[in-house]
Amino acid sequence: MVDDFYTIYTNRHRLAEGWKNQGKKIFGYYCSYTPEEIISAAGIIPVRIRGSSDNVELADTHLPTFCCGFVRTSLDQALKGKYHYLDGVVFPKSCDMTRVLPSIWRLNIQLPYMYYIPVPGKRTDEAVEFLIQELDLFKKSIEDFTGQKISEEALKAAIRIYNEHRSLVAQIYKLALNDNPPLSGVEMFGIIMSSLIMPKEQHTIMLKELLNTIPAKIHAADGKVRLMLAGNTFENIGVVQAIEESGGQIVIDDLDMGTRHYDTLVDETVEPIRALAERYLNRVPCPCKHPTNARMDHILKLAEDYRVKGVILLNQKYCDTHLYDRPWIEHTLKEHDIPILFVEHSDIGWAGGKFKTMVQAFMEMIG
Amino acid sequence: MEDKPKSPEEQKKPPRLNSAAALGPLNEIYYRDLATAKQQGKPVIWVTSMSPIELVYAFDGIPFFPENYSALCSSRKVSVDFVEAGESLGYSAGICSYALNTFGFIHLNKSAFGEMAPPPPPPDVLLATEGACMTHPKWWEALQRHYNCPLVIVDAAYIVDSNHLTDHQKNYMANELENAAYEIAEYTDKKFDLDKLKEVVALSDRCSELWDDIDEMRAAVPTPISQIDVFTLQFPLVTLKGTKQAVEFYEPLYAEVKQRVDNHVGFLENERFRLMWDLFPVFHNLKLLNYFAQYDATFVADLYGNAFSGRLDASDPFGSLSARYQSFFMRSASWGKSEIYKDRARRYKVDGMVFHANRCCRCFSAEQPELAHILKEDLGIPSMRFEADMVDPRAYDDAQVKAQIEAFMEMLEAIKYPK
Numbered sequence: 001m002v003d004d005f006y007t008i009y010t011n012r013h014r015l016a017e018g019w020k021n022q023g024k025k026i027f028g029y030y031c032s033y034t035p036e037e038i039i040s041a042a043g044i045i046p047v048r049i050r051g052s053s054d055n056v057e058l059a060d061t062h063l064p065t066f067c068c069g070f071v072r073t074s075l076d077q078a079l080k081g082k083y084h085y086l087d088g089v090v091f092p093k094s095c096d097m098t099r100v101l102p103s104i105w106r107l108n109i110q111l112p113y114m115y116y117i118p119v120p121g122k123r124t125d126e127a128v129e130f131l132i133q134e135l136d137l138f139k140k141s142i143e144d145f146t147g148q149k150i151s152e153e154a155l156k157a158a159i160r161i162y163n164e165h166r167s168l169v170a171q172i173y174k175l176a177l178n179d180n181p182p183l184s185g186v187e188m189f190g191i192i193m194s195s196l197i198m199p200k201e202q203h204t205i206m207l208k209e210l211l212n213t214i215p216a217k218i219h220a221a222d223g224k225v226r227l228m229l230a231g232n233t234f235e236n237i238g239v240v241q242a243i244e245e246s247g248g249q250i251v252i253d254d255l256d257m258g259t260r261h262y263d264t265l266v267d268e269t270v271e272p273i274r275a276l277a278e279r280y281l282n283r284v285p286c287p288c289k290h291p292t293n294a295r296m297d298h299i300l301k302l303a304e305d306y307r308v309k310g311v312i313l314l315n316q317k318y319c320d321t322h323l324y325d326r327p328w329i330e331h332t333l334k335e336h337d338i339p340i341l342f343v344e345h346s347d348i349g350w351a352g353g354k355f356k357t358m359v360q361a362f363m364e365m366i367g
Numbered sequence: 001m002e003d004k005p006k007s008p009e010e011q012k013k014p015p016r017l018n019s020a021a022a023l024g025p026l027n028e029i030y031y032r033d034l035a036t037a038k039q040q041g042k043p044v045i046w047v048t049s050m051s052p053i054e055l056v057y058a059f060d061g062i063p064f065f066p067e068n069y070s071a072l073c074s075s076r077k078v079s080v081d082f083v084e085a086g087e088s089l090g091y092s093a094g095i096c097s098y099a100l101n102t103f104g105f106i107h108l109n110k111s112a113f114g115e116m117a118p119p120p121p122p123p124d125v126l127l128a129t130e131g132a133c134m135t136h137p138k139w140w141e142a143l144q145r146h147y148n149c150p151l152v153i154v155d156a157a158y159i160v161d162s163n164h165l166t167d168h169q170k171n172y173m174a175n176e177l178e179n180a181a182y183e184i185a186e187y188t189d190k191k192f193d194l195d196k197l198k199e200v201v202a203l204s205d206r207c208s209e210l211w212d213d214i215d216e217m218r219a220a221v222p223t224p225i226s227q228i229d230v231f232t233l234q235f236p237l238v239t240l241k242g243t244k245q246a247v248e249f250y251e252p253l254y255a256e257v258k259q260r261v262d263n264h265v266g267f268l269e270n271e272r273f274r275l276m277w278d279l280f281p282v283f284h285n286l287k288l289l290n291y292f293a294q295y296d297a298t299f300v301a302d303l304y305g306n307a308f309s310g311r312l313d314a315s316d317p318f319g320s321l322s323a324r325y326q327s328f329f330m331r332s333a334s335w336g337k338s339e340i341y342k343d344r345a346r347r348y349k350v351d352g353m354v355f356h357a358n359r360c361c362r363c364f365s366a367e368q369p370e371l372a373h374i375l376k377e378d379l380g381i382p383s384m385r386f387e388a389d390m391v392d393p394r395a396y397d398d399a400q401v402k403a404q405i406e407a408f409m410e411m412l413e414a415i416k417y418p419k
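Keeping their order, the protein sequence lines are chains A and B.
Under the working numbering, the letters of the first sequence match residues 1 to 367, in that order.
Under the working numbering, the letters of the second sequence match residues 1 to 419, in that order.
Extracted from the complex, chain B is given alone in its bound form (with noise of 0.2 angstroms):
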């Protein structure tokens, strides 16, 4: 070990990427969008994360996500007053962080800029997948008694090896997609168009070909960009995916990486430690991650970025969106997602593993402990794991964590460069 650590997180100045700069008017444009949606005769459709917004975009709408938006609010800091109204409605502590920011900002009716912009506009769809989490159709489900507006959702299979999807299962959920797209052309009155709708899959499809390429030269030595690049960068992939602007986004983004590997150039001037990621970042401190950057340890590989990107085929749009999200690997139970984590551990040369213990999310944080387990008994490789809300800072202490961090570091250097 060192004899003191560089610096803190604040101080570290971490390259600039420039084609990131294109993020900010994305932004602009997409919120100034939502906000006239309904002047331009736009459906506004609330969707979940795993929600195929390919739909939303083929109806010429705009998805709106209460996840995102709590994220912002609670990287804006204002997501304890939005979480602490959302208690007040009834809604019990322990339920996902999202969900009480959502009904904390509906009932205060207040944005996540304050005065500067006006809330996000109601829904004049509501429209969920059983895609990820039980959580996911049952705020919709409280939202649809909020707004009293159309509620779609799609169905999936739900099964514990992802691998092995048999037809009627892929068909089941393809038949749920295609019977949510006509349910949403009768609720917006407006016409489905198939081949609109592969328009967008072929544009979705670039978008998540070029994400999964930046993220695959993660694996260089030394790694070209941060966790909290990837964190940022991935606005346009789950907001945009189907659009023009999200690829148009994307080219330049690439070829800046690749740039960056080719010329040997990292994220961190000395990289001495390889980490993994798991699973949500933790908003409301995002520079966390950069907490590492003193021990010259940088994040190469994560397993949230992913989770938004994902291969489709426009010949078969129902069909391929199906599949992306039955294979989710996160679906999986851990002895076959504990061989995607083992996959990336050591394609990205990773040497230590960090689990975010999300407290609101058991359903993505329950099976930390076993694949901690797994990661260490078969490839060697030693993990933490430290408890926060990923929009809540209430259930988080810094002192602590970055006391565990640095036990952890201390035991990696000792692993790593033995004296």
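If we strip away everything but chain A, and leave its shape as in the complex, we get (with noise of 0.2 angstroms):
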């Protein structure tokens, strides 16, 4: 059963196309800062784009090397016809390279449908308000789009489903508490990852059935040593495989993929529009929100919940937003006497021996 999910995000191209063939419209999304649940209240399916280990091939000409991996690979899988299926594509505003994709894929991927939102920098009460308007100018391009209102009973129902696989996705994070996770890093990876790709009704109702056939489950990590996997987004299982292949077992992350994509309900009290506004903006944030420091709490506090050894920080090579906060990082970890291992990686040539070396000299010093 744990393994489907990983099967089903390395089939995901395949099983968008399925969507398609039943007439159902689909839009990709670049990072988590994207409201979903306005997409999927048109009766639009959100699929996060995600980068690649493939060769970069076509990308380079539209892109200098210099960029991130992540980008390079997820613009080459688009260049490369993987995403045909997609009617759309939403990118929320994040880091700098999130205001250049918009360009690229306008003049080179056309789709019928594309959207940048300004989402604001700042978590301040006027930044929750700018970003109310700005939703709502979201909302009516979708209207305009599919040519229907989405209509407020609609959006609650969507903002309802959302929340649900939250406090599912929660409580998979949490079975991680007990001192034998009954769930490897490398299963977890795979329902984080599938859970991007998926409609939120169909992942909600694996994450019910996973929930209920795992006290069956032998115990996974017996004298594995606990980790944090904290970082931006990676898109090879070998770091996981490498990390508990060496003796660790990541029994929680501070991903954009993870617990940051997942942290924090909409509150379905308030008006709906308002509700995902504020959510959006209170949510741990990452580093491209200022300020930073409830990252470094969420960190902390992960940390001492889940009563890691040591946190392995993994940042891919030219993700600045990130890089800035790595010896911020490192210094209030050590503070904390976490020890903690900072890797700088590309999902582009990834060096797994090199990695796993990496990983068992910091194994070895904590151990």
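All clues stand as given, with none of them false.
Straight-line distance between alpha carbons at most 27 angstroms, and here's what the computed DSSO-like set of lysine-lysine pairs gives:
| hint | chain 1 | residue 1 | chain 2 | residue 2 |
| --- | --- | --- | --- | --- |
| 1 | B | Lys77 | B | Lys287 |
| 2 | A | Lys309 | A | Lys356 |
| 3 | B | Lys244 | B | Lys198 |
| 4 | A | Lys80 | B | Lys376 |
| 5 | A | Lys309 | A | Lys354 |
| 6 | A | Lys140 | B | Lys170 |
Calculated Cβ distances over 10 angstroms to all of chain B for the following chain A residues:
| hint | residue |
| --- | --- |
| 7 | Arg12 |
| 8 | Gly43 |
| 9 | Gly88 |
| 10 | Met365 |
Now the in silico label distances, taken between C-beta atoms and shown as ranges:
| hint | chain 1 | residue 1 | chain 2 | residue 2 | range |
| --- | --- | --- | --- | --- | --- |
| 11 | B | Asp397 | A | Glu129 | 45 to 53 angstroms |
| 12 | B | Phe329 | A | Asp297 | 36 to 44 angstroms |
| 13 | B | Thr36 | A | His331 | 31 to 39 angstroms |
| 14 | B | Gln40 | A | Asp125 | 33 to 41 angstroms |
| 15 | B | Leu108 | A | Ser141 | 47 to 55 angstroms |
| 16 | A | Ser141 | B | Lys196 | 37 to 45 angstroms |
| 17 | B | Glu115 | A | His331 | 25 to 33 angstroms |
| 18 | B | Met116 | A | His331 | 31 to 39 angstroms |
| 19 | B | Leu108 | A | Arg14 | 50 to 58 angstroms |
| 20 | A | Thr213 | B | His164 | 48 to 56 angstroms |
| 21 | A | Arg274 | B | Met116 | 53 to 61 angstroms |
| 22 | B | Arg76 | A | Arg14 | 55 to 63 angstroms |
| 23 | A | His13 | B | Asn27 | 56 to 64 angstroms |
No lab work stands behind these hints: they were computed from the structure.
Glycine included, every Cβ here is placed at the ideal spot set by N, Cα and C.
Need the complex rebuilt from these two chains, each delivered in its own frame; the hints are there to steer you.
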């Protein structure tokens, strides 16, 4: 059962083609600041644009090689036609690259719908009011595209679906609070990755089934060192495998595709667009948002709650916003006596052997 | 193609602009004021390149630009030590070399001028906007952690089409700017004086107007000034915009450039190729720009100088500052940006485009391949693109770049002057 999740992720494009053949509309989106609920309320399936471990073949004529592996490989996948089933693509403002990509998509991967959401950089009351107006515009643009109004009921229903899913993901994460977590980090990775590319209603059913079957499962983590994987994003499951083959177990993460994506529920008692604006600005911030302290608090709290023995901070090369925070994170964790291993990596030309050696040395140090 | 290149860039003696002589003293006064700000009771406010220094001058403060200072370090050949020191603190080699250089000179407590001048004074307030790149707020957060001083970040609505700003987008940043004024007042223990800001804004507007007028004159054939002139003469535009000194500097400069244009005096005696430059100077090797002179080629337009100018309305300081930052062309997506490039290329009669792919500035270099494609498709203008780093000479291969230039100029020769 648990292996199904990663299989689904690796078959993501075939799966999406199936939905497409059933007459569904599909939007791709970059980054966890996209309010998927609005897309879903319009009856459109939002799927997260991801990178790839494949070689870059087409993107290099459009983007310099000194851009991050995620941006280059995701664009390359799109240029190769892997996302041919998309009806639209949505870019929320996060890092500088999410400002560059819309141009390249618009010029080279023409889709019927494209939208850029100027998510504010700050987390103030004014920023919430600003985002409310922007989300109204976003909603209207989707209505113009489909020719159908998104009703308040539909939005509320989508919010309920997403909240339920977030709560279930939180339950799955909490399983690792046990001394012997029933799921390995590799299994967790499959669950999280599949959640990003599936309709949430379907993923919710799978998560419920999983939660019902888990007690029967043999404990996976005997004698392994509890670790947190922090950073931005990566594509290669080999990252987690290498860590777990070296005697570690990822029990919790601070990743853009993990806890930072799923943190914080939308308030169902508030007017939906306002509730969404508040949720997306009040969630644990990525380093693109100011101030960033809440993310540090998040890391420290998770490290304590999940009793981790160390943190592996994995950042994509050329991911500026994350790299500026690295010395601060290293310094703060050391102050809290939490060992940290920083690894700058790339989805392109993944150096698995070198990474494993670094992890093994780290495990010896903390083990 | 002529038999032989005439002379390497080192031997080329460009005509001097008399009014540029005032630049040295202006520089000296600025750095002296900066060094003595604390004694004078003036707040030192560290600003990002896209920060509203009009606010700083409205508080009678001194803006300090780590970016300009890092450029200075690079041109004075001290940036490698600083960048390496920045890296030693855990900052990755790929990030903005302005930032690495800054972390480095702070860590080493050294100046761009060696023993001749003290390092820059620490900030009383840090002021950054989201007007240009994400590096700015991230870098300023790091500076705040180091100096433990107040940080003011002005947020802006990033949109991909800056020609279509809505009212709420304009108002959001205008409100942020106004809040920033009151925050600076609180942190510096000074009263915010709106009338003073309006005076500063009027001076800033005049400075930008003069700059834009000088820049427009570069469209003349032959073009009157060089790209090195532009990169060096923009110091007051960047640093002193909003002061009388900046206006007093550009007025005679404008007259002198106009005189050149009226008399058909060009930077080159025999201007055969007109080029456009994108974007950052290579500060450790500015003279590379004159290397093109041996092919009788010169830069008649660029996309960097104007980034620092922008007309303002003294009756609406916050609204017009907001409009200036948010309509900053580099913030647009390439379909909007390319219109600006194309417009410049046409008006300045550009034959070829040179892109400096600035390795550490992904934000402003990433769209160059797309822009090059659009210029070629729509206007038939060819381009070359070379990799370097604005501050760090280690990422620059002089021989390779010059070979690229040679090949590019041969191609332009064949296109413009077919045999």
